[in-house]
Amino acid sequence: MAIVRFAGVTKTFGTTQVVKNLELELPEGSFTVLVGPSGCGKTTCLRMLAGLESVSSGEIYIGDRRVTHLDPRERNAAMVFQNYALYPHLNVRENIAFPLRATKVPRAKALRRAEEVAGPLGLHGLLDRKPKELSGGQQQRVAIGRAIIREPAVFLFDEPLSNLDAKLRVETRTELLQIQRQLGITSLYVTHDQEEAMTLSDRMVVMEDGRIAQAGPPNEVYTKPVNTFVAAFVGSPKMNLLEGTLAAGTFHSRGLRLQVDDEGEGEVTLGVRPDDLMLSPAANGQAKVTLIELLGPRAIITLEAQGVHLTSVVNASELVSISVGSCVDLVIRNGGAHLFETATGDRREQG
Amino acid sequence: MRGSNVLGIARIALLWLAAIFVLFPMVWIALNSFKTSGQMNDPLLLSFKPTLANWENVISSGILAAAGRSAITASVTVAISVVVGSMGAYAIATFRAGGQLTRFGILASQVLPPAVLVFPFLTMAYALRVNDTLVPVIFAHLTFVLPVVTWFLIGFFEAVPRSLEEQARVDGFTRFQAFRLVVLPQVYPGIGAAAIFGFTLSWNDMFYGLILAPGKAAILPVAIAGFNTFRGVELGSMSAAILIAVVPVTIASFFIQRRFVQGISGGAVKF
Numbered sequence: 004m005a006i007v008r009f010a011g012v013t014k015t016f017g018t019t020q021v022v023k024n025l026e027l028e029l030p031e032g033s034f035t036v037l038v039g040p041s042g043c044g045k046t047t048c049l050r051m052l053a054g055l056e057s058v059s060s061g062e063i064y065i066g067d068r069r070v071t072h073l074d075p076r077e078r079n080a081a082m083v084f085q086n087y088a089l090y091p092h093l094n095v096r097e098n099i100a101f102p103l104r105a106t107k108v109p110r111a112k113a114l115r116r117a118e119e120v121a122g123p124l125g126l127h128g129l130l131d132r133k134p135k136e137l138s139g140g141q142q143q144r145v146a147i148g149r150a151i152i153r154e155p156a157v158f159l160f161d162e163p164l165s166n167l168d169a170k171l172r173v174e175t176r177t178e179l180l181q182i183q184r185q186l187g188i189t190s191l192y193v194t195h196d197q198e199e200a201m202t203l204s205d206r207m208v209v210m211e212d213g214r215i216a217q218a219g220p221p222n223e224v225y226t227k228p229v230n231t232f233v234a235a236f237v238g239s240p241k242m243n244l245l246e247g248t249l250a251a252g253t254f255h256s257r258g259l260r261l262q263v264d265d266e267g268e269g270e271v272t273l274g275v276r277p278d279d280l281m282l283s284p285a286a287n288g289q290a291k292v293t294l295i296e297l298l299g300p301r302a303i304i305t306l307e308a309q310g311v312h313l314t315s316v317v318n319a320s321e322l323v324s325i326s327v328g329s330c331v332d333l334v335i336r337n338g339g340a341h342l343f344e345t346a347t348g349d350r351r352e353q354g
Numbered sequence: 018m019r020g021s022n023v024l025g026i027a028r029i030a031l032l033w034l035a036a037i038f039v040l041f042p043m044v045w046i047a048l049n050s051f052k053t054s055g056q057m058n059d060p061l062l063l064s065f066k067p068t069l070a071n072w073e074n075v076i077s078s079g080i081l082a083a084a085g086r087s088a089i090t091a092s093v094t095v096a097i098s099v100v101v102g103s104m105g106a107y108a109i110a111t112f113r114a115g116g117q118l119t120r121f122g123i124l125a126s127q128v129l130p131p132a133v134l135v136f137p138f139l140t141m142a143y144a145l146r147v148n149d150t151l152v153p154v155i156f157a158h159l160t161f162v163l164p165v166v167t168w169f170l171i172g173f174f175e176a177v178p179r180s181l182e183e184q185a186r187v188d189g190f191t192r193f194q195a196f197r198l199v200v201l202p203q204v205y206p207g208i209g210a211a212a213i214f215g216f217t218l219s220w221n222d223m224f225y226g227l228i229l230a231p232g233k234a235a236i237l238p239v240a241i242a243g244f245n246t247f248r249g250v251e252l253g254s255m256s257a258a259i260l261i262a263v264v265p266v267t268i269a270s271f272f273i274q275r276r277f278v279q280g281i282s283g284g285a286v287k288f
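Chains as they are written, first to last, in the numbering used here: chain A, 4 to 354; chain B, 18 to 288.
Don't take each hint at face value.
Unchecked claim - Label-pair ranges, simulated between beta-carbon atoms:
#, chain 1, residue 1, chain 2, residue 2, range
1, B, 172, A, 154, 37 to 43 angstroms
2, B, 172, A, 68, 38 to 44 angstroms
3, A, 17, B, 172, 26 to 32 angstroms
4, A, 294, B, 172, 47 to 53 angstroms
These aren't lab readings, by the way, just hints derived from the structure by calculation.
Think of the CB as a built atom: it goes at the ideal place given N, C-alpha and C, for glycine as much as any other residue.
Pulled out of the complex, with its shape left as it was, chain A reads as follows (with noise of 0.2 angstroms):
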């Protein structure tokens, strides 16, 4: 149990800063997901903390030690890679022991432990396959075996789903937040998956280029993203930007024309979710459906309004009156619209 502290914490490789100046802590217990674009450093962030890479400049803490510039088996740290990286020429009990031969325990009371790790994770009958022998799924229940055989203080996760099936992924992904919470190790995972990041984490922090873009509780995150950046990268489907300007209480974009409950005036980006964005039919509507996709019980439509693109979600019910090549009113839903500085991207506060 520990709390992670990253302290100015800066990477460079070459001459290219891939990490600035990072400030980051993980609260003791936490599921903390680093999210962001390929590139954007997450990945070396968490290098950065097992050890595996080294620091430029900056200092890293777990608990109250100074781990900055120390081996990566002096941090009691327990990884999970994304391609598992279970050793290929040992079987199960062995791969999920290993880490205890690292200690001194002995052998025999190593392998036992594992079979009791084992079990929970429903590896009962594998114990003796070697990892080529198991499926994707039953990989990944051995990599996190291994991870959790040794108490660690800290568990770090690198995209530890993306080799799964979709149905795997959402399955493991709801077993992994129950063995962490069961668990109550500080985590830190890292995906560029979002949907993951705000089902899995109880804090978020979106990087972009090599910073903090927002850290917070998922909910906030979503519901009040500091800038168009990550508007546009949490949440799916994406939400609609518009470039525009405001005034009194109405957005201007091109010849589109939107309600908004806002008092301010000038140059803005008007950012609304799919789902906050309503359609009613009308034979003389500002908005042209142009493609609709079914998700089931709900469905993602594509619109055009004066060239300009939009996408809404709706409920499956109100396709009675909607179809291709219908004309729609838009509306935003009260308090879903969300205003963005155009020249800086920056939220705008609330005027």
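Fit chain B to the given chain A structure using the hints.
What follows is chain B alone, placed relative to chain A:
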């Protein structure tokens, strides 16, 4: 259809041709080892009363001891080459030690004619009073076995995913432990193949042995050449000696190679 049939027949014919090319001299040598020197003048003579005189002559001449010395020389050379070579190959594969130049430069020593190296070795052996022992022979053999083994292993180390080693380091092991316990087992098949190859190189070399240990510590190829006496070549004895040199190594490599091919498919790294 017909085309592929013709191709198949041609391929099999080619393989037979190659097999005959390799086996013919061996069969001829094998026959000779059981012939008297008179019978040897008739190479087409296939049915004759075999004599063991050549074999008795060879065995009493101490050829088995020479084979033993060859085995020791090759084993020690290979052992050193595998230990040093695997560490070197790992460094080159992982850290690009010495840059692209080392990868291929490491084989540059092969270009050097052995005649250039052998006299420095001889003078050093004299100065150290180890001439006509296996010590200088082993060191000389290292000059060509070690680079080949190292070069051979680089590719095997490159095929091992980096994350395996990193995982081991995070799991609480030192870098060397991670190398020994995790990385090395992944390249065992490569090490096996390199060891066989290195062993054969050392086992077959005559030049260094002839100059550095020509007398009481003569290795097998030197001892075989000893049948080329001032009274002429003792073809019968030499044939028997050649068989002693070739057969055990061939049989051993066959079995070891089978085991290692098994090892390769059994420990395949799949993610």
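Hint-by-hint comparison with the structure:
no. : hint                                   : result
1   : 172(B) with 154(A): 37 to 43 angstroms : holds (39 angstroms)
2   : 172(B) with 68(A): 38 to 44 angstroms  : holds (41 angstroms)
3   : 17(A) with 172(B): 26 to 32 angstroms  : holds (27 angstroms)
4   : 294(A) with 172(B): 47 to 53 angstroms : holds (51 angstroms)
Checked against the numbered hints given earlier, the structure satisfies every one of them.
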